[in-house]
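Participant: Those sequence lines, one after another, are chains B and Z. Just so it is clear: in the first sequence, position 52 is 51 by numbering that gives the first Met the number 0, and no numbers are missing. Just so it is clear: in the second sequence, position 5 is 4 by numbering that gives the first Met the number 0, and no numbers are missing.
These are computed hints drawn from the structure, not numbers from a lab. All C-beta atoms, glycine included, are put in the ideal place defined by N, C-alpha and C. Certain hints may be false.
Which chain Z residues face chain B? A few, computed with CB under 7 angstroms, are given here [stated by the list, open to error]:
| # | residue |
| --- | --- |
| 1 | Ser-26 |
| 2 | Val-32 |
| 3 | Phe-41 |
| 4 | Trp-45 |
| 5 | Ala-46 |
| 6 | Val-54 |
| 7 | Val-56 |
| 8 | Ile-61 |
| 9 | Ile-69 |
| 10 | Gly-101 |
| 11 | Ile-129 |
| 12 | Ala-132 |
| 13 | Leu-133 |
| 14 | Leu-147 |
| 15 | Gly-154 |
| 16 | Thr-159 |
Label pairs and their calculated CB-CB ranges [what the hints assert, rightly or not]:
| # | chain 1 | residue 1 | chain 2 | residue 2 | range |
| --- | --- | --- | --- | --- | --- |
| 17 | Z | Val-122 | B | Pro-10 | 34 to 44 angstroms |
| 18 | B | Gln-60 | Z | Leu-99 | 26 to 36 angstroms |
| 19 | B | Ile-100 | Z | Val-122 | 27 to 37 angstroms |
| 20 | B | Asp-99 | Z | Ile-153 | 27 to 37 angstroms |
| 21 | B | Leu-11 | Z | Val-150 | 23 to 33 angstroms |
| 22 | Z | Leu-103 | B | Asn-101 | 22 to 32 angstroms |
| 23 | Z | Leu-148 | B | Gln-60 | 24 to 34 angstroms |
| 24 | B | Asn-101 | Z | Ala-60 | 31 to 41 angstroms |
| 25 | B | Asp-62 | Z | Val-63 | 26 to 36 angstroms |
| 26 | Z | Ala-60 | B | Lys-104 | 33 to 43 angstroms |
| 27 | Z | Gly-73 | B | Pro-10 | 41 to 51 angstroms |
| 28 | B | Asn-101 | Z | Ser-125 | 49 to 59 angstroms |
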Amino acid sequence: MSNEGFVTLYPLIIGLSVVLFSLGVLGVLVRRNAIIIFMSVELMLNAANLAFIAFARSFNQIDGQVFVFFVMVVAAAEVAVGLALIVAIFRTKRSINVDDINQLKG
Amino acid sequence: MIIFGALALIAVASAVMMIATRNAVHSALFLVVVMASLAVFFLGLWAPFVAMVQVAVYAGAIMVLFLFVIMLLGAEKTGARMLRSWQTPLAIGLAAAVVLLGALLLLNTAPIEVADLPAAEIVMGSAEAIGLALYSVWLFPFEAVSILLLVAMIGAVVMTRDERKKKSA
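If we strip away everything but chain B, and leave its shape as in the complex, we get:
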């Protein structure tokens, strides 16, 4: 890897971030398995992290990289609570299909 790294490809990296984020949105919309929906959310967070790192490098500021840590912490908290919710729902309903979770529907 050269000294420049991926810097010259900076617009392409942002493009990759856009594509990965869109795939994450697609996963949330298309899949009905709650665990896969959570994984798609993780994919979106990762795409945002990639954009943060790319901008941090292009502006030569460390703040973008620090922010990625905060995103990771929030992701970890979200996964912990979300998976606990999924386990609790599975215990009562024996299903994690989000179409089956319609108790609050009027």
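Fit chain Z to the supplied structure of chain B, relying on the hints for placement.
Facilitator: Same frame as chain B, now just chain Z:
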């Protein structure tokens, strides 16, 4: 350029497979591949410490948690039923529109001048540089997210607690 192309291809292909595959375990493993390729991107963008944390925390800890829950629930077979017929093409169309819009915006943006790395003592993206920023400028957000993690931990424990045990006691 070749490294970028190959890595981008691996990342996008794995992401597509992640949402396309029926088996939840395969899905999780494809997500690990996406995260690993993103970690290599972070290395190329002068963020070695973030890349290391990405592999250790994301691809390691968080994905183990996912796999653990998938195995615990035996949920790898429940992906059989998909959406109603008209929703899937709509979602794919919308995602394609977003990607096209992003591409248009990128093509219309003037190329951004990349700042030269200063010949400093502290290397950009090293653990030292990140630690200095984290514990000076970002100290209050750092404490806030640590409380957030604690609250999430307590919440997870409370939610998964066995209610029957409490009644019998």
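Participant: Taking each numbered hint in turn, which are not upheld by the structure, reported in ascending numerical order?
Facilitator: 2, 6, 17, 19, 21, 22
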